[in-house]
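**Q** Model the full assembly from the supplied sequences, consistent with the hints where possible.
As given, the protein sequences belong to chains A and B, one line each in that order.
Under the working numbering, the first residue of the first sequence carries the number 51, and numbering increases by one thereafter.
Under the working numbering, the first residue of the second sequence carries the number 344, and numbering increases by one thereafter.
Simulated from the structure, these hints should not be mistaken for lab results.
The structure presented is a predicted model; accordingly, all values stated were derived computationally and were not measured.
Cβ atoms here follow ideal geometry from the backbone N, Cα and C, with glycine treated the same way.
There's no promise every hint is true.
[What the hints assert, rightly or not] Which stretches of chain A does chain B cover? Using the computed rule of at least three CB atoms under 8 Å from a CB of chain B, they are:
(1) 144-151
(2) 260-273
(3) 297-304
(4) 320-332
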Amino acid sequence: MNNVGYCSPFVPPEWIAAFGWSPRWLRPRAAGARDLATTHRGLCPFAGALVEQVIASEDLHAVVLTTACDPMRYGAAVLQARTDWPTFLFNLPSTWQSNAAGRLYCDELRRLGRFLVDLGGRSPSPDETRATFARYDAARGSVRDAWPVQSSRQYAEMVAAVRGEGRAHPRPSTVENATDGVPLALLGGPLVEEDLAILDALPQLGGRIVLDASEGGQRTLAAALPAEWPGDDPVEALRRAYFDAIPDVFRRPNDRLFEWLRPRLAARGARGILLRRHVFCDLWHAEIERIRQATGLPLIDLDMLHADAGAPAQAIGRIEAFLEMLRGGRWLVARG
Amino acid sequence: MTELPCKLTLDQWDRRYDALVAGGLREPSYGGPLGRHVDDGNLRLCKLQMDDSPAALRLWNFLLSEEDRLADARRRGARLVGVLKDLGTVPVMAYSLDRVVAFYPDGAWWIPCVMEQSDGLLAIADRLGVDESFCPVRAMLGAFESQAHFPIPDLLIASVGATCDDLSAIAQRLEGMGHPIFWWEIPHRRPPEAGEDAVHLPGGCVAPAAQVAFVRDELERVRQCLARFAGQELTDARLAEGIGRANRVRRLLGQLRQMAYSAPAAPLPALEMLIAEMLAIHFCSDQNECMAVLGELVEEARRRERAGVGAVAPEAVRVFWLNPVADLRAMNVLEDAGGRVCGTEYLFSHALDPIDEDVPPTEALARSALADLMVGSPIDRAERVCRDMRAFGAEALVISRIPGASHCSLEGAIIGEVVRQRLGVPVVEVEVPPLTDAMEPTLRTRLEALVETVRDGRTP
Ligand code: SF4
Chain A
51 MNNVGYCSPF VPPEWIAAFG WSPRWLRPRA AGARDLATTH RGLCPFAGAL VEQVIASEDL
111 HAVVLTTACD PMRYGAAVLQ ARTDWPTFLF NLPSTWQSNA AGRLYCDELR RLGRFLVDLG
171 GRSPSPDETR ATFARYDAAR GSVRDAWPVQ SSRQYAEMVA AVRGEGRAHP RPSTVENATD
231 GVPLALLGGP LVEEDLAILD ALPQLGGRIV LDASEGGQRT LAAALPAEWP GDDPVEALRR
291 AYFDAIPDVF RRPNDRLFEW LRPRLAARGA RGILLRRHVF CDLWHAEIER IRQATGLPLI
351 DLDMLHADAG APAQAIGRIE AFLEMLRGGR WLVARG
Chain B
344 MTELPCKLTL DQWDRRYDAL VAGGLREPSY GGPLGRHVDD GNLRLCKLQM DDSPAALRLW
404 NFLLSEEDRL ADARRRGARL VGVLKDLGTV PVMAYSLDRV VAFYPDGAWW IPCVMEQSDG
464 LLAIADRLGV DESFCPVRAM LGAFESQAHF PIPDLLIASV GATCDDLSAI AQRLEGMGHP
524 IFWWEIPHRR PPEAGEDAVH LPGGCVAPAA QVAFVRDELE RVRQCLARFA GQELTDARLA
584 EGIGRANRVR RLLGQLRQMA YSAPAAPLPA LEMLIAEMLA IHFCSDQNEC MAVLGELVEE
644 ARRRERAGVG AVAPEAVRVF WLNPVADLRA MNVLEDAGGR VCGTEYLFSH ALDPIDEDVP
704 PTEALARSAL ADLMVGSPID RAERVCRDMR AFGAEALVIS RIPGASHCSL EGAIIGEVVR
764 QRLGVPVVEV EVPPLTDAME PTLRTRLEAL VETVRDGRTP
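**A** This is the structure in structure tokens:
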């Protein structure tokens, strides 16, 4: 049981692995969550389900959460106040334009390293670190442009494996359904298990995902690690690949999210956006209008609560109507 | 014979005002009867009960004339800085400069309450896609869009990082609407690691020296930004003077809080105390006048304390109040239910604690900013609440939920658990929307139940 769970793309799994732990990308089930997620009004259901998953888990040794949003910050406090779970709260700066913000990110990686050693891990030698980094870098390279794939689920699983044990994937040979259906981009926060079932239904509904820009998808894959580490410091290399490169909604300012999105939507020919955001997630919620304006694409706001039994069917119904409008070019009329 | 303090409705106040004027009341330029603010749309005044002292009159007039004061400052050539979120630090820097006036546009939080939603700000925010799942700070978005309230600032400075998602998300929208923002980072305050250098912060928290240094560097960036903006060097000497003035305000508030929350009979009601505390964050846009207003309140409280008279019955149950209320009326409801406020944490305790004056100014300001209870763990916040509850002899805790606020979903549970365990006092969590009228009976019942629980548990 040497798994260390995490769910932020800014936490480098190779850093966890270098210290002798197995990183595990957490994707909780929302429907099973009962206590936190349903009894605390206003709590993001993802954060609630995640904290519950950690508390109930039998195969995690520790968890790394970040300060990117309030629910996670307070979720970490719940773990600290109510359990003796080893919890590392990573101070992830929102700003990025000053050098100081990047330095803070580096300091937090070093502090994470000390936490992992105190937990019983080992201090890696430079050679071990290089080897581990190279493995993860190659694995990421194998999925970065692995598109089209058979299904969104397949892509999500591939990326989760890369973010976990750093397993590289051969480019999928079969690409069934890859060219049928209305091309859509998936954008937004992290997915819960149940979201995958909804994405599975897309081909039958006449849609397909051509860009996974959700929290666990392609958008948040680290850039390639630099061949030469600045100052021969692994932490600086991680900063370049993660902190300096990943566009996200919580960053201030967050213009890079839009800069990342626009050319990719065009290149992949996306005709609409499925925005997956969790109820009470202010960060994505507030940006919906801006995303609409910046991309010029029709968008459907999927804020389903899987704790409600009818949520999946309702979401599928809404997506079906959305696709119908896109196919019929009736979007503007429908919105107007 | 000493007149007993009492609370007045708006009509009663206006009659009292005439009597005070006839008796020779002297007022500052923004003085006048409170009723005139209703003509400006501040309809909530009609539902409030306000303290009957001339000091309270001046406080209300000072508060309700802020938009005029800002417009006037701009007419007179002052430059306006809109500060977002840090609640108490950047204004100290801005007021160290000449001809710069700083205020918190986040203060629009209260406009829907004070104007009983006749302002339409929440409807504008709805239209912009920022609905009631956000806290009342979304009114700020409406105020920027309508430009019908405070003047649009010449510069916006926002702290982000370990701050609430509501404000961060809405500030980003503001920038997207064409209001550029200078962002600075406030990290999540963490406990120092074993062997790591630590700094004691005002208010009792401890932070790693490295975090204080980080914030100091961030505030250096803010300092440069402000100096460029004002075309004036923001020297250490100026900052030190600015800190000195801010501390005078904080000390006045300290005296006031001490009397109001610990005297056997509360010399001032909870509502006026809430407003007085709010003055600490940006001095209601006039630092000198702020001191004068507070000075008069201190005098009034002292006079009443000496006379042994209070604005609330001495047997009232002593309640510690956590979080500001979106509807000011809730403070009246507490007192009607038999409670009184004995200690508060309105999200800005760090703006009440004096800033260190024995270290370089940016170091002192960094310590103050990092002492913000909202940037650390809610467990730290709970510990501060416990300390203050003990100090003021509070018998119960009211956790006032702010509708839609991202921190409110879990903080109440965590803080409530700690306070119950440590102090063994009753805790109640209530939600206070911008207008409580529809749910006032429920709020009253819950507060009455709390009061009864405490009374039942009192030893005879
Ligand atoms: S009330 Fe809470 S959520 Fe709203 S702006 Fe203030 S701190 Fe943020």
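**Q** Could you work out which earlier hints the structure fails to respect and list their numbers in ascending sequence?
**A** Those not satisfied come down to hint 2.
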